[in-house]
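Colleague: Chains as they are written, first to last, in the working numbering: chain A, 1407 to 1662; chain B, 938 to 1371; chain C, 74 to 405; chain D, 23 to 311.
The hints are simulated quantities; they were obtained by calculation from the structure and are not laboratory data.
There may be inaccurate statements among the hints.
Unchecked claim - Straight line, CA to CA, 25 Å or less: simulated DMTMM-like cross-link-like pairs of lysine to aspartate or glutamate:
| no. | chain 1 | residue 1 | chain 2 | residue 2 |
| --- | --- | --- | --- | --- |
| 1 | A | K1474 | A | E1643 |
| 2 | B | K1357 | C | D314 |
| 3 | C | K377 | A | D1557 |
| 4 | C | K179 | A | E1482 |
| 5 | C | K270 | A | E1540 |
| 6 | C | K179 | D | D155 |
| 7 | C | K270 | A | D1605 |
| 8 | C | K270 | A | E1482 |
| 9 | B | K1336 | B | E1237 |
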Amino acid sequence: MTIPLLEVDRLTMRFGGLTAVDGLSFAVGHGMIHGLIGPNGAGKTTTFNLISGFYRPSSGEIRLRGEKLSGLRMHEVARRGVVRTFQHSTLFAELSVLENALIGTHIRFRPNIFAAIAGWDAEDRRGARARAEEALDFFGLLTLADVRAGDLAHGHQRALGMAVALAADPDVILLDEPFTGMNPEETGRMMTLMRKLRDSGVTILLVEHDMQAIMGLCDRITCMSFGKLLAEGDPGEIRGNPAVIEAYLGGSRDVA
Amino acid sequence: MFVNFFRSGLSRRRFLSSAATLSGIGVLGATLPRKVFAQDQVVRVGFLAPLTGPVAAWGKPGLDGCMIWAEWINEAGGIDIGGEKHRVEFIPYDDEYDPAKARAGATKLIREDGVKFIMMLGGDPWPGVQPVAERTGMLFSTLLPSDLSPDTTTLIAPAEVHPIYNVTGVEWLAETRPDLKTAVICAQDDALGLPSVATYLAAFEAAGIEMLEAPILFDPATTDFAPVVTRMLARNPQIVCLDTCYADYVHPICEQLFQQGYEGQILSCTADFYEQIIEKTSKEFMEGFVFQFPDFDDPELNADFINFQEPNRFYEEYAQRFPGQWGAVSWEYASIMDLWKAAVEKAGSAEPDAVLAAMTEGGTAPHAFGEARWWGRDLFGIDNALVGNWPVIAIEDGKARIKAFRSIPDWYDKHGELLKKHMAAYNQLWDQRS
Amino acid sequence: MRSGLALLAWIGVGVALIALPHGLSFSQQEILVFLTINVLLVASYRMLTLTGEWSLGHVVIMGVGAYASALYSKHFGVFVPAAMLLGAMTAALIAMGLSYPLFRMKGFYFLIGSFAAGEIIRLLWKRFREPFGGVKGITGIPPVPDVNLGIWDFVFFDPISYYYFVLAVVSFCLWLMWRIERSPVGLTFHAVHWQDKLAEAAGVNARAYRTLAFVIASGFAGLAGALQAHYIGAVNPTSFDIEQMVFVLTWAIVGGTATFYGPILGCIVLTVLNEIVLRGLGFEQTRPLIYGLLLILSVLFLPKGLESLVGRVLPRRATSRTRAIIGAEEKA
Amino acid sequence: MIDLIAQTGLNALYAAAYLSLVAVGLVLIFGVMGIVNFAHGELFMLGAYVVVALYAGGQVPYLAVVAIGLAFVGVVGLLMEWTMFRPLRDNPLGGLVASIGFLMILQALVSMGFGVRMAHVPPFTQDVIAFSDRVRLPVQRLIVIGAAVVLLGALWLFLKRTRFGWALRASAQDREAAALQGISINQTARIAMFIGAALAGVAGALTAPLISVNPHMGHSVIVAAFIVIIVGGVGSLEGAVIAAVAYAFIHTIVTTFWDGVIADIVGLSLMLLVLIVKPTGLFGTADRA
């Protein structure tokens, strides 16, 4: 039996008296678009932050190819091939689009200060630039390379966030609510890009509370509720799962 | 021209010769028909001290005093140099108590303003000036004799030899109040506080007064002295010694001593604005307070051996122009000018080496408080401190009165080893200063 | 073509800097020496702020370099230029030690935390007369040994000679800092400043880069301290107190920190104003008043610093930094 | 020994009182406006000089002078807000530099007006409450302690019970959110600046007869105040008071039983230690930049 690419094993996170994630286990297969959904307050974002190393879990483990990932800090997680994006348009707003992407190449072309002073890193700089341009090209941003990132249109900013992640050559990209605030047209374009990304061999784990938006996108979906695993399966199974419907309807009834 | 001048390296001799060239132009101008305008001839003196910032209280009042001095001298016709009258002009430079700024200031005063003498407060800025003094041979004075060392022969401490004169107060007190046998000291942890602590320790030991505990040091930034006073009074001392605390410490410490119920003897180096302390405490509390700096309206200062010019009138004038600002530094810079003027007139020249030679001739010179001798080899490695008699002041019925003049060298001849021992313990001997 | 012009411009600047002291008065030459040293200090301060943290301990770190270099040369007889380098390294090492507690904090906490750390070092200098000399500090620090290079006899007591020495050292250091900033390392500093979480997500160890900037900046500050110590011949704790730090801070902010030259410009303009113009106009005792007023007016009316004035004159080359970082300048 | 401990306690209580007044003002200004007011020590100094100017002459009763000091320095605070801090609202470093410039101006003006040497303030009262021969509380110090309790109590009621107080606390938590709720940033900034400056001024006016008043006296209080608000946590007024009391006691005890310079080192080291263990201060919550 092959080891899944990314495994979450009995993951628990407590904040004071509150248990945000409670014994959660699931696995993400290679080359998948995997959705993590659930009603508000289900613990998705906490799980996401645990995987990316933003938080340290209270107990349980996260493994990448069988190797322990939990407990590492964010940049260490990234260096092992799991790169996250942020909600909204978190970018280096003051830097140019190309510079943003260049930061993404940090892992592969880790700068060396002595080489940088002496000028021995010309090859690395060219390599980093090639990689950054490749990532920008993938998302159709190459023509905007010199624009200040803060001046980009909203949709382009989202794409740039993903380009920065892609420039790091990740095995897994973690996307945090990528569709928030997008109109249907932008959403559609974004979905196309994600499929293209998956087809290029990158595994995607995305967190989204809007169940409908990702039904058509994900290969597999994990649904959480109150910090626990509620259901797991392909979109069809999830859509038909009574517990999932109950959780969402219950949520919406409360809201109504 | 200056490029060549520097290329060959700047030696003292070369500097002096070039300075002579420059002043030669002036001399030339003076020997031509301009002689009629002899009254317009000016001799310049540099005043290189902190005039702004936290240490300004040690510079600014001195400059004020010098301005009065210069006005009087100029009204009286100026200084006689080789038969010609010269007006005196002070050129102030604010060194902000910083060695780098002092170095630039010394350079400006010497090489651009052509001063013949520079008065400094001394302390932190001195090391920055020291190489300039060494190269140019300019005559400098300091109020802090701990700047003296054999490296600089042209630095003199002619006004006060802080803190050695503090021994006179202790000696006098021990004679007049032999019943007082125990003491405590508090001092700020800085360049004035520490040598002073060593001096008081030596003086107490010489007078057979017992120290109840090691001197209590406090940070110079302290504002609330209640804890320090509580600590001192816990030992029930007969004498509380305030060391060389500045007025900013003496006042609140006295206030606290009063409030915490102390009734014994107080001994201090200074008591600037003591009327205000009396107002904050009481006349009875301050009665018999012993310190070392007289008010210049004291009739004792009219004695023949006093060399300060018209002390009573100077005090009056100062108090009128700068009400409430009279203190130790107010007269000290001016007293140095008296000494310098006498030496210039004796030498017939204002050139630094001639003046220094005239000043030190015979190993004695007229100090403000009487004829005094050039002294200090043991402590400073060089005899460039002017030491003689120093007054002991006590407060009587709310007014400072000179009680006695005591000889510092006499005390030292008897107890010099004690002083050296305590100075060494606080790393204050000249060869210990790193 | 453009690089040829640039080369000519740089040669012009070089010649001007070499000729500069000969057009000044003696005291201005002295001020020029300290100004050049302060240019290094303020440029190193900007390097520290690249990662977004503002320190109030930088002048104390400069003092660490000064004290260390003074002690090495005076007590162990280390050759002065070598002692200066060792002093710089000592400052960098102390900074590395301090970075552990300090970089647990950010923003205002870091500002005050760095102040506290600096004050502790200063109190230690005051408290321990052996070997730091207590409140009087260390005096009699050996100067840089004189050398005769044939074309010029370097007597380092003379401000012109020392200025040339300092100019060479400071220019080299500025070039190093320029190279660092215009490299991927510098880009990473900026990234850590603007979005440290995003940078970490891209695999950047933000804390390590903050520490790196802090340590490099401290090394250069320490060197500035050593350059100053061996010229004046003395160091003492008050030379490195918060008042001096306030001056460095105001140079940087009044000059503007968005560009490499902003803080340098601020340092030069404010020093010339304070030490030459105001003194020259006879405001010996009212300088703090006027200087304070100028500080307020400059931040009110030039919120982006003096550099924004230069920015208005020179057309901005938006992509020049990127071009430098990716190594495109060789091709251009 | 009991006497010594009791007297030390009284000494510390006084130090805690004036330190809390200064620190709370500094925290309030930073919390609401996001500006590090370096000139806060000089506002303290200004309060003391109001006493020098009005009380040393002897015509105006002391408590009236203290009230004038409070109002006058409060108005100077308003002036600072209006001329410097409002235009620099989005530029905290600019605000810092402006406050440094203001500090230099205040020091220079006071030096010119009153001289560089210490100024004289006659005592308001020389009465002492003597618990024993060696345990004595001067009434002047009791007044400082009492005034601090009353003023800080009033401030606490103002913050908890009034609409302005609510607005102030909301702004200190989150300026943008407060603005969205219809709170006028200008108004809260004015109130915070007035109260903060007035507290520093009244502390200076109250302590003027007890300490030496000179143009540079602000420096020593602001260092202590910075330590206190860092230990307390910069968002927290209660934290500032608690930290002021703790710092005053530790500093006083170390000075009395050990050494004043060591007390400074201990104070600074404790502050660094707190920051290492809890980088947002003991009572701070948000990680503010």
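Colleague: Decide, hint by hint, whether the structure agrees.
Modeller: Hints, verified against the model:
Distance hint between K1474(A) and E1643(A) is unfulfilled; the C-alpha atoms sit about 30 Å from each other, more than 25 Å. For the suggested pair K1357(B) and D314(C), the alpha carbons sit about 32 Å apart, so the restraint of at most 25 Å is broken. For the suggested pair K377(C) and D1557(A), the alpha carbons sit about 20 Å apart, so the restraint of at most 25 Å is met. This hinted pair checks out: K179(C) and E1482(A) have alpha carbons roughly 21 Å apart, not beyond 25 Å.
This hinted pair checks out: K270(C) and E1540(A) have alpha carbons roughly 24 Å apart, not beyond 25 Å. Between the alpha carbons of K179(C) and D155(D) the distance comes to roughly 50 Å, so the proposed pair goes past 25 Å and is violated. Proposed proximity of K270(C) and D1605(A) is contradicted: the alpha carbons are some 28 Å apart, above 25 Å. Only pairs whose Cα atoms come within 25 Å are accepted, and K270(C) paired with E1482(A) is accepted, the gap being roughly 13 Å.
With a C-alpha separation of about 13 Å, the suggested pair K1336(B) and E1237(B) falls inside the 25 Å cut-off, and the hint holds.
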